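Enquirer: Going down the list, the protein sequences come from chains P and D. This note's numbering puts the first residue of the first sequence at 40, with every later residue one more than the last. This note's numbering puts the first residue of the second sequence at 237, with every later residue one more than the last.
Simulated from the structure, these hints should not be mistaken for laboratory data. Remember, predicted model here, so these are calculated numbers, not experimental data. For every residue, glycine included, the Cβ atom is placed at its ideal position computed from N, Cα and C. Each hint can be trusted.
Not everything, but these chain D residues come out facing chain P in the computed CB check (under 7 angstroms): (1) G268; (2) P269; (3) F363; (4) L387; (5) V403.
Below 30 angstroms or equal to it, Euclidean Cα-Cα: the simulated DSSO-like pairs (lysine-lysine) are: (6) D:K356 - D:K418; (7) D:K418 - D:K390; (8) D:K356 - D:K257; (9) P:K49 - D:K415; (10) D:K415 - D:K356; (11) D:K298 - D:K257; (12) D:K390 - D:K356; (13) D:K418 - P:K49; (14) P:K49 - D:K390.
Simulated restraints, written as ranges between beta carbons of each label pair: (15) P:T106 - D:K257: 20 to 26 angstroms; (16) D:K390 - P:E61: 22 to 28 angstroms; (17) D:Q373 - P:L156: 37 to 43 angstroms; (18) D:D253 - P:P70: 49 to 55 angstroms; (19) D:A255 - P:S84: 47 to 53 angstroms.
Each chain, written out:
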Amino acid sequence: MKPKTPCPPKSVWQHIVGAGFEGYALGELGPHLDRCQACQATVESLMDRERTCRAIAAELRQELPPTAPACRHRVAFLQQSEPTGPIKPEQDPPDPGTDNRLPGERVYCPHCLELVLMVEAVGCAPARCPHCQRAVDAVGEDATLPDYEVDPHADDQPMKRDIRAYVQNLEERARAEEKREPYHRGGFPVGQVAALVCFLAAVGFLISGLTSGYGMFAGFINGILPAFALVMMGAVCYIFRRK
Amino acid sequence: MQPWPTTRLTLLGRLADPADKEAWNEFVALYGPFIYSFARRRLPQDEDAADIMQEVLSAVLKGSYQRPKGRFQKWLLTILLNEIRDFHTARARRAEVLGAADAALRVEDEADSAAEEWEKERRLHLFHAAAERVRAQVSPTHWDVFVQTALEDKTGRNVARALDLSVTNVYAIKSRILKEIKEEIDRLEEDL
Chain P
40 MKPKTPCPPK SVWQHIVGAG FEGYALGELG PHLDRCQACQ ATVESLMDRE
90 RTCRAIAAEL RQELPPTAPA CRHRVAFLQQ SEPTGPIKPE QDPPDPGTDN
140 RLPGERVYCP HCLELVLMVE AVGCAPARCP HCQRAVDAVG EDATLPDYEV
190 DPHADDQPMK RDIRAYVQNL EERARAEEKR EPYHRGGFPV GQVAALVCFL
240 AAVGFLISGL TSGYGMFAGF INGILPAFAL VMMGAVCYIF RRK
Chain D
237 MQPWPTTRLT LLGRLADPAD KEAWNEFVAL YGPFIYSFAR RRLPQDEDAA
287 DIMQEVLSAV LKGSYQRPKG RFQKWLLTIL LNEIRDFHTA RARRAEVLGA
337 ADAALRVEDE ADSAAEEWEK ERRLHLFHAA AERVRAQVSP THWDVFVQTA
387 LEDKTGRNVA RALDLSVTNV YAIKSRILKE IKEEIDRLEE DL
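Please work from the sequences and hints to get the whole structure.
Expert: Encoded structure:
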């Protein structure tokens, strides 16, 4: 009977584990390891203590979140198509009379303006926007009449006719006002009167200065100079009179 | 287009070549679900998150990232947060026009918490992506060995008995696959 191989020291297993069991250069250690549970435990603890092993095992034990269908489809689309760059702009919505879109296509909700995948209508119920839950039809238009829609027969109501007549009356009065002269408030002609007084006083001074019999210089000082000043004052009063 | 680093042709470098469709597919497969998942938690609908994902991936393709100015991850996160913020701003503007009193403006300054969340999620997706790539290259039996020993914490002895392998073989397989996953993770980190 072949004698059992004694267990090698831990350092040997450490070396073998560190080398990654490469080359299988174990010799008689291989059969020993296959039989010896103690050495198996040693090897396993050495392997588990390795940082790489622990890190990889820790990450791989965590499950990846399941890939959503939207992600899968888009990844497949990107891989099949040429890498062209940013998303192309959405095409114009089709003519409402020709709804040739594929079912489940994204449309702009008329209420919240979000680009959404419409929840398919069940039976008679209209399709609904998954975002704001309001009803829309198949082409993304509002399924109900908006409140602000104009009623074409609203002008025939009596109240509307009265209002229209009143507005027309105001317009006619405004046109008549435009043709009228602007209203001018009358007042005492202070400027003109002051100018007249100044001119008359100037004439008086002039006559007095020329006929007083004084010399030329005295006549100039007493007659012509004040007359000139009064004439200037009168002219100023007349120019800046209130019009 | 900005000049890409030429020491090693990384995935980002390969994206600059319009003829390299494989690089684009690889990038979309790697980052698309991750960006989508991050955006979906901040957006109301699946399609909105898908649109944002497409915008962000297209921004990478346009080549506006400049390596000397900062890490790619930080740039990508900034682009993504900006797109989400623009979405909410536009939505709030529409709500104002409609007079909706219940529309909340979700423009939050969440740079720090978003960066942490981003890194955590990126790591998770990266590890899983690397594991999937290795899984595609190894036999199903070897993958089973790895899953049962590394993830399900079963002993080597039980797995060997269940799969009719030797215990040494089980440990060797586990060790090899761990090494391959680590190398794949390092490669993906280096690429981006």
